[in-house]
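Once you've looked at the hints, dock chains D, F, R and S with the ligands against the given chain Z.
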Amino acid sequence: MAMTTMLPQAQGPETVGPARAGRRRGGTWGVIARSLLSNRKATAGLVILLGFCFLAAFPGLVAHDNPQAEVYLPGQGPSGAHLLGTTAYGQDLFAQVVYSTRESLLIAVSAGALATVLSVVVGVTAAYVGGLVDDVLSLVTDIFLVIPAFPLIVVIAAYSKNAGDPVLIAVLVVVGWSYGARQLRVQALSLRNRDFLVAARLRGERTWRIIFSEILPTMTSLIVAIFLGATLYAIVTAAGLQFVGLGNPETLSWGTMLYWAQNNEALQAGSPLWAIMPGLCIAALGAGFALLNYAFDEISNPALRPVRRRRKP
Amino acid sequence: MSGADGAVPATSGPLLATRGLTRHFRIGGLRGHTLHAVDGLDLTIAEREIVALVGESGSGKSTVARLLAMVYRPTSGEIVFRGQSVSSFKRRRDLLGYRSQVPMVFQDPFSSLNPAHTIGYHMERGLKLHRPELDREGRRSEAERVLQLAGLVPPSAVLAKYPFELSGGQRQRVGFAQALSFKPKLVLADEPVSMLDVSIRIGLLNVMTSLRDDQHVSLLYITHDIASARYVSDRVLVMYAGHLVEHGPTDEVLHQPLHPYTRLLLSAVPDPRAELKVTSSDLGEPPRVVGPGEGCRFRWRCPLAQDVCGRVTPRLQEATPGHAAACHVTVPGPAAGAAPAAQGARLPGDA
Amino acid sequence: VAGASVRPAAAASGALTISNESGSLWTCAFNPYNPAVTGTTVGFMYEPLVFVNTLQNGKATPWLASAYKWSDGNKVLTFTIRKGVKWSDGQPLTAADVAFTYNLLKKNPAMDLNAIWSVLRSVTQQGDNVVLTFKSAAVPYFYYVADQIWPLPEHIWAKVKNPVTFADSNPVGSGPYLMSKCTGQNITYTANPGFWQKGRPYVKTVQYPAFTSNTPANEELATGQAQLGAQFIPNIKAFYTSKSPNYHYWFPPIANVSMFINLTVAPLNQLVVRQALAYGIDRPRVSAIGEYGYEPPANQAGIVTPTFGSWLDKSLLSKYNYNYNPNKAISILEKAGYKRGSDGIFAKNGKELSFSIINVGGNSDWVAAVQVIQSELQQVGIKLTPENMTGTAFDNAIYNGKYQLAYNFESGGPAPYYELRQLLYSGNTAPIGKPAASNYERYSNPATDALINQYATTTSVAVQHNIVDQLQAVMLKDVPVIPMTEEVDWYQYDTGSFTGWVTPQNPYAQPAIYQLPDDEQLLLHLKPR
Amino acid sequence: MQYALRRLGFFVATLWACLTINFVLPRLMPGNPALAMMSRFKGRLNGQALKALEIAFGVNNKQSALTQYFSYLGNTLTGHFGTSVTFFPDSVSRVVFSALPWTLGLVGVTTVLAFLAGTLVGTTAAWKRGSMLDGVLPPLLVIISAFPYYFLAMLVLLFFAVDHHWFPQGFGYANTDTIAFNLHFIGDVLSHAILPAFVILITSIGGWVLTMRNNMISTLSEDYVRMARAKGLSPARIMFAYAGRNAVLPNLTGFAMSLGFVVSGAILVEYVFSYPGVGYMLLQAVENEDYALMQTLFLFITVAVLAAVLVMDFVTVLLDPRARKQG
Amino acid sequence: MSPQAPLPPPSAAEAPDVAAPRTASGPVLSVQDLSVSYWGGAGPARAVDQVNLELAPGEFVAVVGESGCGKSTLLFSIAKLLTPPAEVTGGQVVFGGQNMVAMTDKQLRAVRWRGMSVVMQSAMNALNPVASVRAQFADAMKAHGERRKDVVLARSEEVLRMVGIDPVHLSSYPHQLSGGMRQRVMIAMALLFSPELILMDEPTSALDVVAQRSLMVQVKQLQAQLGFAIIFVTHDMSLVSHFSDRVVVMYAGQVVEQSPTRPLFDGPMHPYAQGLLEAFPSVYGPRVPLLGIPGNPPDLAQLPQGCNFNPRCPRATDRCRAESPRLVELGDRRVRCLLYEPGGTDGAKP
Ligand SMILES: Nc1ncnc2c1ncn2[C@@H]1O[C@H](COP(=O)(O)OP(=O)(O)OP(=O)(O)O)[C@@H](O)[C@H]1O
Ligand SMILES: Nc1ncnc2c1ncn2[C@@H]1O[C@H](COP(=O)(O)OP(=O)(O)OP(=O)(O)O)[C@@H](O)[C@H]1O
Ligand SMILES: [Mg+2]
Ligand SMILES: [Mg+2]
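Residue numbers (the numbering used here), protein chains in the order written: chain Z, 7 to 319; chain D, 742 to 1092; chain F, 48 to 576; chain R, 3 to 329; chain S, 284 to 633.
Just to be clear, a hint being listed does not mean it is correct.
[What the hints assert, rightly or not] Label-pair restraints from in silico Cβ distances: (1) S/Glu624 - D/Phe905: 30 to 40 Å; (2) D/Asp835 - R/Arg29: 48 to 58 Å; (3) F/Pro478 - R/Thr22: 52 to 62 Å; (4) D/Val1031 - Z/Arg215: 33 to 43 Å; (5) F/Asn209 - Z/Gly96: 51 to 61 Å; (6) D/Phe905 - R/Gly110: 34 to 44 Å; (7) Z/Ala176 - R/Gly110: 29 to 39 Å; (8) R/Thr22 - Z/Gly83: 52 to 62 Å; (9) Z/Ala176 - F/Arg387: 28 to 38 Å; (10) F/Gly474 - Z/Gly66: 49 to 59 Å.
[Claimed, not checked] Derived lysine-lysine pairs resembling DSS-like cross-links, with alpha carbons at most 30 Å apart: (11) R/Lys53 - F/Lys154; (12) R/Lys44 - F/Lys228; (13) F/Lys133 - F/Lys208; (14) F/Lys449 - R/Lys53; (15) F/Lys524 - R/Lys44; (16) F/Lys208 - R/Lys53; (17) R/Lys44 - F/Lys154; (18) F/Lys430 - R/Lys44; (19) R/Lys53 - F/Lys122; (20) R/Lys130 - F/Lys153; (21) R/Lys44 - F/Lys182; (22) F/Lys395 - F/Lys430; (23) R/Lys44 - Z/Lys47; (24) R/Lys53 - F/Lys206.
[Stated by the list, open to error] Away from chain F, derived, C-beta distances all over 10 Å, residues of chain Z: (25) Leu43; (26) Phe58; (27) Leu124; (28) Ile153; (29) Val160; (30) Ser196.
By construction, these hints were calculated from the structure, which means they are not laboratory data.
A virtual CB, placed ideally from N, CA and C, is assigned to each residue, including glycine.
Looking at chain Z on its own, in the form it has when it is part of the complex (with noise of 0.2 Å):
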């Protein structure tokens, strides 16, 4: 995500010295690690994510069951043996949930991911460069803000056979890209005319160099945001998209869950945790990021960072 590439790597904590390093631990991702580690709700959003991460790259390790063998009674309750119950095709309702996270966290996170890096190349380039190449950009963001995703999704499932995880990522990055890009372009007009851009500019720094480690360092907690939109408008289109027959039920993830608990009712026909599970874990997803937000605050804004408070020797 944009992360990595907005705080350079060039500045590693060998280039400023011994002070340096006894001061700031670890540069960059020092700054990040103790961001996340200071505030405890960074904390609590990153222990949800890792226990996402987790579950994403060993299912097998905390679900014992294959997710789609459907060789249960259908329709169960909770009980020892099925944490959760079973579905009304008999699958153990847990190990989809376990197996599910990794199709959603890869949908949420590279949608999102793609989506934002879109966003802020072309927003940020827009809004800097200005002239004509605003205009066109514009043009071209204008375009994609208003491009229909459900006909583009059908279209291209069509051509690509099977709607499929890359088609409906592709599909996500190329509807969702655009509305981060317009607020990125907003917020980085009101930048282009700050004195450290120019300073930046006559240093002799590359255009791209000055949106990326210039630009965007500075509207890191909008560019936050703007992920954790996209990441969330991922989730929720996915898993409409899904809901309504476009994607690939046969996928296992928590928009397909849906789909398959809302096409049997499992509200109102006995089985509520079908339904009520992923939509839980979507939100726990949702809840992870946003909690790991509070983290940015710090990340983007050196002037809040908490410091230790250390008595004079």
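Positioned in the frame of chain Z, the structure of chains D, F, R and S with the ligands alone reads:
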């Protein structure tokens, strides 16, 4: 053109020269006015020369520096650096070359440092771009060297700081140190010492002179501190309301000012050791740079103003070799009367 | 309006509320030949000439025609139009109106939804009779020209400039109801006082709200705000019948949901492969998991049971015995020279038995069914890759033959013949790339075609049975499609407020409200309690 | 002035490009309206009906794509939107104009409310950074907005309408009502709008909160905010006129865009609540390959969004002098 | 802590340009043992160290000192504008009889601008970039009860003229002004009311001498008329010498010398002050190379043992390296140097 060229030692071409440099701004809403920030400016800076640019606040000094640094594009006119018009610098290499030879120190140290980056980052970037010969280690020691030179100690601690952790004067010195780190030919320094206390200021001024003397660095030194201008500069340029009204060797201008504004300026220079001479509090009219029209722009405040001043914009005329002023009265030129330029100029102040 | 509200109180006031997910808001157009709106038109305002009941082996009940007669080697059909029937504007309904209607369809092929003019030669009025002359013997077409035609008042439609796009927003029909109010959300029908069956309908007001999605429609039923439902309700016991002893449902099967096989694609053109597919699938399990058992498992003979049970050749069926038999599937393939690869998938000449199966993503039951099939076939070494698409993309693929396997169904009719003809008649198919009206698998066999054509010439039940027996043999021998489950009518009803419902004991019509013109029969039988 | 003309020029160019996409995209979809109708009434229509439908919908009239394109552009300009296939034979204009007010009312009002509430909460949370309010409200709202909203809609519907009959179970008004401008009807419409509005509201506030809060936090550490404090301005004034006004720009842009998107409605909410708006209609148009309806709805969306964005461009220039072009 | 006598509410009727007679009772401002630290990774940096300062009404106190020695921090802490990581670690600020440190926000708001206004060092950043000068002036006036549009406009124009800026610039935005103009706009804003105290942080650093001098003359005149007190941070010794009544010399967070102006210029006592006065060049005299004060300012987080100035002090002794000097009172002057403490190093007085 006339006077300016003559000021340059014949032996070498000027390091930098401008011809008819002009910059206008559109201000206001729909109706819109044109603000003449800089009008028809001709200046030269020779190699190994410190040129002080003084003048009224708002007279366009920063704009000149920004024009020279290629922040603004001139409305008209031309900037020639080492015989080449800077507008011909299109390729990145040329531009980068120019930028590393002619860095600029910003007037406002509070907004010219990126709040999201440490001082170390700022220094590192500049060095990386302009001192490719240095390795990582070399860059660090160079950064520390220039910070030390600018009086920021201990440099390693300063490198780790964010701009908001520095005082105004400290930030100002960071700006100056950055420019030095480029190994420049000409530093455009926009009030680089205005927020420094006198002792540090002297230190920096000494750095400037030694740069000139040892490394042949030229300097455009924009300042309000006439004393420090005198302390370091070889020549002085005086601006008023977008016009260059006088220029010449420092001592000559300071001791024999030609233009009424220069005189006013000098008369206002305080001497801390002396009592304040209570002159009439002359705020005068603020300079009119919004749609100014023809005529001398100082005429409303000028004790010597005549009819012609309202009709004809005076041109710079040499009074003595290398010392020129734009005034119908004190240096009447061909525009005002038929008198030959710079001949027998009376200096009313000298009487 | 003296209309009742849609609250439960509605039933008490004698109004019937129908809950059926229509998928869109109402258009408030009532042109009965506009397929988008027939569901809210036919049976309410417009009626057939003869009512043919699928659930009772095509039992025909004279309706607007009081009598009918085949003649001239079953090439001429004469309807005698009932006397005393009036249009709702008071004008009498005459044979002229009926003949006009047929000829209107001829002039406007866009209205001829069943393509009757592809077999009709002419239609004329002769006094009270309307005479239909066919190009050739056309006995099974009776269903389309008698049951699926709704006469229009000539005095109104003759003046219509373009009957295809005519909205008919103030419909004048002969049916039991008048359209009294229509908004996008709801249509209110009130009883037609001039209806030709005196005293009927007993239910004076019918509310037909437009539900865009299933859930609220189901809720409306479950809470008793609607008394007649026509949709899939998952876990119907928990959701519906457990809520009241008066709540019942019946899902009579009417057609097959099948796995369609593109016979032009190798190796699906090999019988062994198709047989292996048929043996490798546990249809009861597909039914149980995919369809909650609502749709019973189908048989390879292609006869929908119990609806058409009398047509089924049981001995033939058990001779071929396509019941789930994975070992047989495997052994057939092995015998044919297929070998299992390291991934367990059979292959011959380097070509794996790996197929894509297209499906409609919006039909979750089908998607689930295909998942079951996929895992079962995996065990017998055949790999399926489901591709889910939108309905339109799906139809586009299947009509034009651009698929390998497809999960689909075709409309049936009042006898098994109708569906078998759809499936097997080569005249219905088309080359790959051209849309086929049916027979999407591109099956073509002159002998079969001859059988189908022969059926059209006979009204003899015995001969018809004989032909259908032979068609079953084709299904079992050639396995051109593999029936999976049986498509049913969705039908839920509340006996608390109305009586006279269609029941398994009294299947006087297809009970789903979207079955036309069976809906009229249902509406006429209902009585408020 | 010149700026305005230039932007207008680009507006027209963008509009044209979007119109073209709106023309091309539907036609890239597999199948045609007749096929779509077939699959819509699957099992109820004989396979033979396809031919009839193709004639009815003019699928096979051999007009070149270019001719179609130009007549489409012409018709769009003159407001002739054609006949809807989904609501055959209704004209698209009638269909759209009867549904649009519902959507504008429901989604429009909730969008404005969500924006106002979200921005307010975001502003306050940033102002009180680290307080209880900041710690609870923004994450809560963001979490809620992470719920897929049809899911939430379903829960809300079940709880408030089905289990406790506090609100009606969907639709825009009671089926027995006649559309009229009287108190009874308006009250009825409002009571039907509450649940869907509530769902849209709580699921969309989170986004506004987040952008506003994050932006506001950066702004609050600016010197001019400190200066405003020094001036003794009231906290409200500093919060809104100084920090808020500088921080709100991206949110305002977002708001303008969402206002534009009001026209497209809240598809799934309308779907779940059977609300008679254009949002669900759009989905249907797509599913039914109803070119005319699709194109018209997209046209409305396009024009609304582009206009909103255009207005926003001007407003930005008004609000932020730094964004104005120099020289 | 002093009792919280409420400040007389600024009356709306009192036109801001009318001189309010001030009762010359007690100091306007009294800073007692004020200490401020910045919490950084390397431990706290004491930017203000036990500063004591009293300001009589109408007094003009100049604060000079090395760049980075804590002048701005001192002003901010007086105005109670510090933000984390800065923290007041001790002492109090009594303004108009009230302890600012303990005031509620509401009380503070009433005091601000009418009672005490501030000119910040970062003139560009201290102006709201999206509001015109006019709007920012009006804001301040409205916040303190002045709502009449014509009055606000008239007053805005008046103060702008006072600082030598064409009132056209009322409709300018900050980024359209030159550095000096921004500073003057800030000063003008501080003069909107006639507060009892104005804190000015290097307000004239971007002004030409003409403008500077006339501005200062104006300010002095106003001060004479209205009797407000000024704390003036500057590096310009001539301004100090010509306009201030008293000088506070700071070094590394501490006040090292405090004295009426003339005597200081005539005979600076603290070695640092002595160095300062020797460091400025002359306009007319001979051009002589100057050296300033050798060495570098200390790191506030790592102050030297003993006297803060000892590493650079030409007269430092071992005792200076061991013992922190107190502020000794010598008549109306105070100095923090062991030279002046009883038992000083060598007893030699300058
Ligand atoms: N971006 C701009 N837009 C509009 N006007 C501008 C802009 N920049 C400068 N000006 C105007 O140009 C004139 C000259 O400004 P400049 O900053 O060059 O003055 P200066 O001589 O540096 O003054 P100071 O000594 O106060 O810094 C001023 O009147 C200013 O208002
Ligand atoms: N936010 C901060 N965090 C840490 N240290 C800070 C911070 N702000 C200022 N400092 C340090 O505090 C010291 C005092 O700063 P202050 O701004 O008060 O200096 P000053 O006397 O006003 O200097 P100048 O004349 O250069 O403006 C400086 O050394 C600076 O580095
Ligand atoms: Mg300047
Ligand atoms: Mg300071």
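Going down the list of hints, with the structure as the test:
no.	hint	result
1	S/Glu624 - D/Phe905: 30 to 40 Å	38 Å, holds
2	D/Asp835 - R/Arg29: 48 to 58 Å	51 Å, holds
3	F/Pro478 - R/Thr22: 52 to 62 Å	35 Å, violated
4	D/Val1031 - Z/Arg215: 33 to 43 Å	37 Å, holds
5	F/Asn209 - Z/Gly96: 51 to 61 Å	54 Å, holds
6	D/Phe905 - R/Gly110: 34 to 44 Å	43 Å, holds
7	Z/Ala176 - R/Gly110: 29 to 39 Å	31 Å, holds
8	R/Thr22 - Z/Gly83: 52 to 62 Å	55 Å, holds
9	Z/Ala176 - F/Arg387: 28 to 38 Å	37 Å, holds
10	F/Gly474 - Z/Gly66: 49 to 59 Å	55 Å, holds
11	R/Lys53 - F/Lys154	14 Å, holds
12	R/Lys44 - F/Lys228	28 Å, holds
13	F/Lys133 - F/Lys208	24 Å, holds
14	F/Lys449 - R/Lys53	19 Å, holds
15	F/Lys524 - R/Lys44	28 Å, holds
16	F/Lys208 - R/Lys53	21 Å, holds
17	R/Lys44 - F/Lys154	26 Å, holds
18	F/Lys430 - R/Lys44	28 Å, holds
19	R/Lys53 - F/Lys122	25 Å, holds
20	R/Lys130 - F/Lys153	77 Å, violated
21	R/Lys44 - F/Lys182	29 Å, holds
22	F/Lys395 - F/Lys430	14 Å, holds
23	R/Lys44 - Z/Lys47	53 Å, violated
24	R/Lys53 - F/Lys206	25 Å, holds
25	Leu43	44 Å, holds
26	Phe58	26 Å, holds
27	Leu124	27 Å, holds
28	Ile153	18 Å, holds
29	Val160	6 Å, violated
30	Ser196	44 Å, holds
In this structure, the earlier hints numbered 3, 20, 23, 29 are contradicted, and the remaining ones agree with it.
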